[in-house]
Every structure is written in structure tokens, then in C-alpha cells.
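Novice: Both chains are given apart, each in its own frame, so use the hints to dock them into the complex.
Here are the chains, one letter per residue:
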Amino acid sequence: MSDPDPVVPDKQTVVDTINIRITGLPFMDSFTSSEGTVVGRDAVELTTEDAATVQAEAQNVGVILEEVPKE
Amino acid sequence: MTIGQLYNAANVVVGQAAVMVAPAFTAQPPVANMVLSDPFSITPWTAATVQASAPITAGSYTLTYTYRGTAYITAANQYNDPAATVAPRIVTALAAFPGGAAQASEVVVGGGPPSAVATPLTIALAERLTGGVWTLTPTGITGGTLSVTSPLWTPVGATDQGWTFASNKTLQDVTIEEQSTLVSRLMTAQQLTISGALSEDISATLAMVYNMTVAVNAPTVTVPGNEVLTLTDSVLQYAVSLIMANSLGYPRWLYIPAATCLANVSAAMRRAAAKRIYAAEFTSVCSTNLIQITNITSPHS
Numbered sequence: 001m002s003d004p005d006p007v008v009p010d011k012q013t014v015v016d017t018i019n020i021r022i023t024g025l026p027f028m029d030s031f032t033s034s035e036g037t038v039v040g041r042d043a044v045e046l047t048t049e050d051a052a053t054v055q056a057e058a059q060n061v062g063v064i065l066e067e068v069p070k071e
Numbered sequence: 072m073t074i075g076q077l078y079n080a081a082n083v084v085v086g087q088a089a090v091m092v093a094p095a096f097t098a099q100p101p102v103a104n105m106v107l108s109d110p111f112s113i114t115p116w117t118a119a120t121v122q123a124s125a126p127i128t129a130g131s132y133t134l135t136y137t138y139r140g141t142a143y144i145t146a147a148n149q150y151n152d153p154a155a156t157v158a159p160r161i162v163t164a165l166a167a168f169p170g171g172a173a174q175a176s177e178v179v180v181g182g183g184p185p186s187a188v189a190t191p192l193t194i195a196l197a198e199r200l201t202g203g204v205w206t207l208t209p210t211g212i213t214g215g216t217l218s219v220t221s222p223l224w225t226p227v228g229a230t231d232q233g234w235t236f237a238s239n240k241t242l243q244d245v246t247i248e249e250q251s252t253l254v255s256r257l258m259t260a261q262q263l264t265i266s267g268a269l270s271e272d273i274s275a276t277l278a279m280v281y282n283m284t285v286a287v288n289a290p291t292v293t294v295p296g297n298e299v300l301t302l303t304d305s306v307l308q309y310a311v312s313l314i315m316a317n318s319l320g321y322p323r324w325l326y327i328p329a330a331t332c333l334a335n336v337s338a339a340m341r342r343a344a345a346k347r348i349y350a351a352e353f354t355s356v357c358s359t360n361l362i363q364i365t366n367i368t369s370p371h372s
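If you read the protein sequences in the order shown, they are chains A and B. 2 is the number that our numbering gives to position 2 of the first sequence; each next residue is one higher, with no gaps. In our numbering, each residue carries its 1-based index in the second sequence increased by 71.
Treat the hints as calculated values from the structure; they're not laboratory data. Every residue, glycine too, gets a C-beta built ideally from N, C-alpha and C. A few of these clues could be false.
Said to hold, decoys possible - With beta-carbon atoms standing in for the labels, derived distance ranges:
1) B:Ser358 to A:Glu45: 34 to 40 Å
2) A:Glu66 to B:Pro169: 24 to 30 Å
3) A:Arg21 to B:Thr241: 35 to 41 Å
4) B:Thr156 to A:Thr17: 35 to 41 Å
5) B:Asn335 to A:Asp42: 28 to 34 Å
6) A:Thr23 to B:Ile273: 16 to 22 Å
Just chain B, same shape as in the assembly (with noise of 0.2 Å):
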């Protein structure tokens, strides 16, 4: 297992929370989508999908994913084929991936035939695989037309010590001369906040812990690629969820839709001594009610 690596070859998180982030207000992802059999995945959240606009009687396609500047393309997928069909070609167009060729533990398709308007296709990647874009090219497909959409749900990554999840509470006792104890306690402010210290010290650690956007510029002949960080006085919101397992081993969501992170930062940069590791933490900006925990009690019927 690499540093950063927060899932292994099962796509099952090493300890015992995750945090995923979107750009804020972004839906959960449904609770039929839910892996049982494994609280920690994160398949849920970071499939891709292929859809069909209507459907779909003929043609086939390819499926790119293109991956710090690299395209692994798959073989020609008839426009009905099965998720176990697609599956076996993804996993041969990633065999030169950096790291080690994927497994076919690692990618995940479900759902299918994309030729269904209701049956789209679901690609799910292991975290190691996760970074890179898909597209889609179609050839003669008629009846409609397929089109691939990327998760916008990310892991966070790597921590030092865990997740952290607090409610601060800030009360106002009410209190009679009449008597000893309290009459009420009434609650004037509350914050939700999921807080861990990030040890992945890459561009979106930074962007989201100091506050920063980013701007990425694509390589030409003279400038190689780049991208440039900048601090801004706008507060980025996220997206926020707590991947837990609960007491039945069964999957634990915590949802927060609107978040700011804007803990202090003070990242120590050692040469031996100690690794970076930079304080995160989320904290509740929406409606209380639109902050929930979903919990699995029991299995399908």
C-alpha cells in the first residue's frame, strides 16, 4: 500500500471514516445505490455513468479515460451489451496504468445495457484509478444518442489521524429565582463540523484548505502545463459527506450539502521529522434540516 492509498484492492477504505466533497448542494447519491456488503465503498459516489437519450437499436461505442495525459481507450462496445461484458474491457484498457495494470476487482460496472433509457451503465474506479476523465465515441449508434457524465463526488484522501465529527453548541440556560434548576436551555447557535489533518500534500489539499482557486493551463510548445493557485477572499462551499459503518456493518451516511472550510492552517514543512499535513475542517452553512445521517437498518426485502 502506497502513502495516500485509502482503499485497497477491494475498494474498501482502511479505517474508519471517509470524506467525499462536491461542489455544493449536490445530491447524495441514492440510498438504492447503497453497497451493502461493503459500508466503505466508494462506488456510490465516484461511478461514471453512460446514458442513453432515448433508446438505442444499433451501433457501438468506446469508452477514453484519459489519465495525466494519457488515453486508455477500450475496445468497441456493442450498444446492448451487459455491465459484465463492458467490465473485462475496461480493465484491458487499463492495463499500462501507472502503478500496475488495474485488476478486475478494481473497476466496477453495474447497471446496463446503456441501450435502455432506464438502465444506464455505471463505472466505478478504485481510488488509485480515480484522477482521470471519460468520453465516449460513438459509432453508428442510432435511436438516440449515448453520453458519459463523470462522478462529481471526490475523496478527500489520506489523513493523519482520522475524521473528526463535532457539534458545538452555544446555550442560553433560563433560569427563575424561584428555583435551583434550570427552567429551559434554549440552543442560540449550533455547528456541524467534520474535521481530520489531510497528509496528500497535492494542489486540491491545498485549494480547499487555504481557501484558493485554481486555474489550469494547458501545455503549449514554449509554457509546460500548469496550474496556478490563488488565494481568494470568496468562501468556496462543498459538499460534504462522512462515510461511516454502523454498529450492523451496514453503510453510514452523514450529509452536510453546504460547507466551508476554513480552519486555521499552519503546515510544518520537516525534512525527516515529520510528514506535511494540513488541518481540514468542514463546517455546516445550510438549513439544519438538510443535514442528515442516513443509516441502513436492514437488507433489501
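The following block holds chain A by itself, in its conformation from the complex (with noise of 0.2 Å):
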């Protein structure tokens, strides 16, 4: 009789995330998305994915966003 099937784990996905946050002179209050997500003076976590999109709209209207580094 052979073994069983080793135990596989389930297959977990990787969702690489940054941490983003609004910057520039100190009225710069927030940043909301055209889907709704809110970025302010306290960094926020999204995914690459959606960090990248927000970005782009922050930059359409002249709103500088920076990476925060993950501690």
C-alpha cells in the first residue's frame, strides 16, 4: 500500500501591497479616487495594482502622492 498524497496547502495568493501617502504643503488634506479610495497625510496600504492607479489620477490634478517605506 503506498503513501498517501503528501498534504498539499492551499495555494495562497501574494498580493504585493506599498504603503502611499499625499505630500506637499501642509493644507494638502486628501486625495479621493474616482473609485472611491481615500489617501491623506497618514499613509495608507493598497495593492500595487491600485496604488499605481491612484497615482495616475493624483497626478491629473496636480496631487503628488509618495511611497512610504514599509517598516
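Specialist: As C-alpha cells, this is what we get:
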């Protein structure tokens, strides 16, 4: 009798995320994307793909978002 | 020259001083970056930086400058292209810029090549071209990564009658009965202020003088792009610098790392009798020894 099949762990999807926040002059408080994602002066974690979309929209209206290194 | 254009084609301010602001405690640009031939140059303040994380050995990149929803994209730059090669590509990319094509004198590219970590490329634009956001798209960059950092300093803009740099002191006189003259004078308080009447009716002006925060909303299919300014009790703080020229014609920079902008504002909305002006007064709220004036006394050795 052969050994049972080794247990195969469930596949896990690793999603790359980055932290981004709004930067620039102190009054620049928040940016809301067309999808409703809100980025403020405190860093928010978004998937790399979402972050790219949000950054592109922010760029269109002159808002600068910066990537914050993860701790 | 249009209203609010503080700087002429050669990036020289038309006036005696200009004010730059940034988030509180943003460092002043290094003295080494001062442009001695033009004390009012905003190049050291508004330059974007293309920086390598490690030595780059191959590849190319394009630079995109997005201004009011329009992207201006350069032709491909090789990883080791010098500043003199990159500059004309940026000028070409900005050919359709609103208000007229960018001139070579309005695009100042320095440093580089960005392939080395120690020699970042700096890109400064004339005031009429500022307000956009830089991004970088790499192609086949190897050895490290290239990134572009937008500047933190922003010109406050045009004023009605220039800027006033003031020091207000509260003194305590010390006297004794036996002497008619003062024995000593003590300073109980002092404030440094930079004040002026802003004459650009833009949201940045409103946010600054009324101490309001700005929430920016991207356009959707149903709602146009908009921004909402909200009055706040939280006092916003700025790093402020007053750019001047000294008697030798060299730059002189006053730097206040933390200041508030809380003057009483009363803007008259007149049909034709007067333009709208907004009083701005930056008052220092930092340690006295952090407020400095950097004055160039002689050119490089």
C-alpha cells in the first residue's frame, strides 16, 4: 500500500502592497480617487496595482502622492 | 507678462523678494545649490530630482510631466545621458504647454548623469510651468532603480506690494532709583514675521490665508473633478523662506522652519475698482536659533 498523497497546502495568492500618502503643502489634506479610495497624510496600504491607478489620477490633478517605506 | 507671473523668461523674479513655502521643518536647499549669477533663481527650490538607488549599468527611461490632466512625455533618455542631452527632450515634450511652448531658458537641467548614485539629475522649470507632477517610466534599467522626486518648496506667488520682513519685540526695561538711564533691557518675547498681500486668487492662496485644508476629488463619470476647502481649528504650519539679493548681487535667504499663516484677512470683491488681495502673514513658531539668514559673500574659490 502506497503512502497517501502528501498534503498540499492551499494555494495562497501573494499580493504586493505599498504604502502611499499625500505630500506637499500642509493644507493638502486628502485625495479621493474615482473609485473612492481615500489617501490622506497618513500612509494607507494599497495593492501595487491600485496604488498605480490612484497615483495616476492624483497626478492628473496636480496632487503628489509618495510611497512610504514599510517598517 | 501675465498677472501673477513672478518670474520672467530667464527665471528672474520681477521684484525685490519672493517667498517659498513647504511643509514645516522642510530643510532649506544646500548652499552649494545657490545660483550666484541669479539670486532670485527658483532652481534650487523647485528642482525635481532623478536619483538612482544603485549604479545603473543599462536601460533607458522616459519622464512624464502631468499638468492639469495632460501628460507631457519625453523621448527615451539613456541611463547615462548627461543633463545637456535630457534638457532639450523636456523642452520638446513641453511644446504644447498651455500659454506657449516651453523655451530652453525655462527648463534648467543640472547634475547627472543619473546612472551614478552620487550624481542625481535635477530638473527645474520656470514658474509658469510649475504645478505639475513628474513621474518616470523605466525600460530595461539594470543595476538599481531610478526614481524621480518632486520638489517640496512652492512659490507663494505674486503680491500686491511685495513682502515685509519684520521683527516685533516685547521689552522689559530694568531701572533703579539711583540712575536715570536704564540699567538693562530684557526681551520677554519676539516674533519674526514675513507679510504681504497675495494677489493670486487661487485655491492655494485661499487655503493658506484662511487656514483651510483641501480635499481633492478626482473626476468620475458623474461628478467633475473638484476640491473642497474646509476651515479648520488646527493651525497649519509651514517652512518659509524669503529670497532676497544682497548688496553684492548674491543670494540672501531667510529661513524660518516653522511658521503659521494666521493674519486677519479681508478680501474685497470689487467689479472693477480693485483686484482681490489676501493678506498673508507668516509668524515664526520655532526656536530662535533655527531661524537663519544665509548670505553669500564671495563666489566659489
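Novice: Can you name, in rising order, the numbers of the hints this structure does not satisfy?
Specialist: Hints that this structure does not satisfy do not exist here, as all of them hold.
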